[in-house]
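There are 2 protein chains.
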Amino acid sequence: MKPRPNHKPKVIIIGCGFGGLEAVKALSRAAVDITLIDRTNHHLFQPLLYQVATAGLSAPAISAPIRHILRREIKRGNLTVLQAEVTAIDAADKSVVLDDGERLDYDHLIVAAGATHSYFGHDEWATHAPGLKTLADAFDIRARVIGAFEHAERCANPDERAAWMSFVVVGAGPTGVEMAGTLAEIAQHTLAQQFRRIDSKLARVVLLEGSDRVLGTFVPALSQRAREQLKRLKVDVRTGCKVTTIDETGVTYDGHEGDVQFSNHLPTRTVVWAAGVAGSPLGRSLAATAHAELDRAGRVVVQPDLSLLDHPEVYVIGDLAAARSYGPDLPKADPKPVPGVSPAAKQMGRLAAANILRRLKHEPTEAFRYRDYGSLATIGRRAAVVDLAVPVFGALRFSGFFAWLFWLFAHIWFLIGFRNRLVVLIDWAWAYMTFERHARVVAEAPHRPGPPLTPPLQDAPDTQPLA
Amino acid sequence: MKPRPNHKPKVIIIGCGFGGLEAVKALSRAAVDITLIDRTNHHLFQPLLYQVATAGLSAPAISAPIRHILRREIKRGNLTVLQAEVTAIDAADKSVVLDDGERLDYDHLIVAAGATHSYFGHDEWATHAPGLKTLADAFDIRARVIGAFEHAERCANPDERAAWMSFVVVGAGPTGVEMAGTLAEIAQHTLAQQFRRIDSKLARVVLLEGSDRVLGTFVPALSQRAREQLKRLKVDVRTGCKVTTIDETGVTYDGHEGDVQFSNHLPTRTVVWAAGVAGSPLGRSLAATAHAELDRAGRVVVQPDLSLLDHPEVYVIGDLAAARSYGPDLPKADPKPVPGVSPAAKQMGRLAAANILRRLKHEPTEAFRYRDYGSLATIGRRAAVVDLAVPVFGALRFSGFFAWLFWLFAHIWFLIGFRNRLVVLIDWAWAYMTFERHARVVAEAPHRPGPPLTPPLQDAPDTQPLA
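Top line first, the protein sequences correspond to chains A and B.
Residue numbering for the first sequence follows the numbering used here, beginning at 1 and increasing consecutively.
Residue numbering for the second sequence follows the numbering used here, beginning at 1001 and increasing consecutively.
By construction, these hints were calculated from the structure, which means they are not laboratory data.
Backbone N, C-alpha and C define an ideal beta-carbon position, used for all residues, glycine too.
Fair warning: there could be bad hints in the mix.
[As the list claims (entries may be wrong)] If you want the footprint, here are the derived chain B segments under chain A, 3+ residues with CB under 8 angstroms:
1. 1011 to 1025
2. 1292 to 1300
[Stated by the list, open to error] Straight-line Cα separation of at most 30 angstroms, DSSO-like style, residue types lysine-lysine; simulated pairs:
3. Lys1133(B) with Lys1008(B)
4. Lys75(A) with Lys1010(B)
5. Lys234(A) with Lys1075(B)
6. Lys1075(B) with Lys201(A)
7. Lys1010(B) with Lys10(A)
8. Lys1075(B) with Lys1008(B)
9. Lys201(A) with Lys1008(B)
10. Lys201(A) with Lys1201(B)
The shape of chain A in the complex, shown without the other chains (with noise of 0.2 angstroms):
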């Protein structure tokens, strides 16, 4: 049947992240019809969400609404914005479900859903520590912060009040390693001579990480420099050691010194989990409906082009892809998976528009072919690593002043819109010349987890104001 001069090919995209943005700006001028779904009505710069949740930064400064940066695009007519979200997809009827029911056909289907926390099994224990992957999880994490300190200082109780003043990580990946270096700013600069009956520098921050470096993806030369960093800024950097339990009292590890093996437990009331990441549930939904294979972390594993085996109408990007990178010579991919980092998905994003649009004119799809241009990770105030794929030269590696000033003027290069970047550049000179994080403001009511506080003696001469 030929196509009526009406009916352009409908394209929903699922997903407004890196990947999403990317497939729906290469799609916009081309004749199809776009649905773009996502369950926030924003698109969030996640590389800096830390400092959202660190009150570095307020939640506009590193989002922006998805109807004002593809307002372009929806002028032009063939560009649809639902906020929704999908409930299920239907490979085998082509379509989508929404939350009120609503179901949307396609005839082609970018899946750029991205990952969610992983606790390995153990749900319960996001209760006690939230993981950050979007603004509501960091104005969680802001809250607990903040309101840590502000329990400490109301507790009498020794034990509970040095509870309050542990931060525990997990997790030592480039987030967990830009959180507790923050957090141990936060104590020791920005929270200084604040209170009367504590002291912020006393607070503790330890780092856990089950392998036996920092920075894992990192070389092991600088992974040993960001460690070096982490202690200058009087972060406890513990290595070789496997949460065991989460709770209201704290978390239990198995760690060893040399051959002898411990179980250790950290009182604490605050814990943030930068550890476990696993693909959207909505790739269980194509396991069931387009038969797509699922990795360990429930990630989506994709043919070359990005599209599924049998389904070739349904590409899956981003995060929630398990993708290799292919060069010319296929069918010989790199033996390492494509990295969880937001220039991947961009590509993606890229290369299943492009396959979507070669499809419509017959033409062969191509192959993903990843293009590592480096990473970056930054520790606190003026630290950093940076390891840098460079053209002809190869890598190159630095760390320190010199690579946090890369790392930030990098990062505010790729934040969406003139205004954000201005900004976050002011807010960036006045917290670097005052240590002051101008975000640390909490709407909410104050975090209580677990036991309630008891209430503190009276008379106890080490609370009491002055006498």
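Dock chain B against chain A, hints included.
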């Protein structure tokens, strides 16, 4: 008994709004031991709160951590800041009780606990018509407004869609006028052409007012100007309307056309309450233990020096005080009560602090004299009314673009902190040029009618999730 040399008089200040903050500053160099208690961790610049609710500003732009504002005073050693909710004042025992049961003694007390919404005996309306007093309120309203347009875009039923695209503001004081004007601006400009299925310009903004004119505290000529400016922004202003019901279907009110009475129902899913104000529940605590007299709005009737008749060591200031202004010729007071505005609260905070110091020196206290510098109200982009009391010259009244500029700079001038002023100026310049409202970002799931989003009781602490 002579005071012991090491025993400084204890002053407790409840609330860190405009009044409480001024009182702390005025006392911080005196030989007193101050404890400041607030249930949030921040001071809020309430006159710009409607900008957070309408996504023009981020929360940190109009708020600052109390510990940061008062860091020098804390360092000086006679100020303790506690984030806590005061649940009761025991004036007979000269102590206050905190949420965890802790009891703090005082020699002098300043109650600056402010006001909350009043639904005139209809607390059940709170679920459907949130008021605007806290950052949590502002995030709630922001989520509802942005979510309403998103729901309308997804909605197939024309009646339901029309209800999502109708916005009702109850109360045409400064907050109601600002909210209605800005909502209209969002529909007419910010969101224009950013949807496919709906036309945001067809959204309807209704401003309901019980009396016969908007901005009732201004002179009639300025009320008339404000009404014209609202009309130009396509706000449907209806005066002489008494709300009888607010529920999930909309707002019902009684009105009249000439002598003909009628009842009307406005179908809407989004109502903002800007009508009634009631004193903090701590007023009732003072009535019970200090024989304080409350007025109809639950405010505490104070003596000319802002203290209580039976308890000269207890001062009530700001929105919680029913105060009058006295000239030098006591006891003749101004016939009009002091309005609930920030300059009045600041002046009361300074006087209460000074009167405490006078009493410590066994000097007579002074009566409150309100210095009224005038009133400002803005209506939307480029429109405002200004009524200044200029010494010698008399009243200076103007409206329109220059009034808006005056309003803008006056508000930015009084914002706390250089960074905030700079960021707010940039945000406004940006919004002015682009019509974009950069904080149009909602962290939670979209608002859905049915289960309440806000705690239905006015007295409940802010516990809803942060938007």
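Structure-based check of each hint:
no., hint, in the structure
1, 1011 to 1025, "violated (count 0)"
2, 1292 to 1300, "violated (count 0)"
3, Lys1133(B) with Lys1008(B), "violated (35 angstroms)"
4, Lys75(A) with Lys1010(B), "violated (64 angstroms)"
5, Lys234(A) with Lys1075(B), "holds (24 angstroms)"
6, Lys1075(B) with Lys201(A), "holds (15 angstroms)"
7, Lys1010(B) with Lys10(A), "violated (71 angstroms)"
8, Lys1075(B) with Lys1008(B), "holds (17 angstroms)"
9, Lys201(A) with Lys1008(B), "holds (28 angstroms)"
10, Lys201(A) with Lys1201(B), "violated (54 angstroms)"
Comparing the model with each earlier hint shows violations of hints 1, 2, 3, 4, 7, 10; every other hint is respected.
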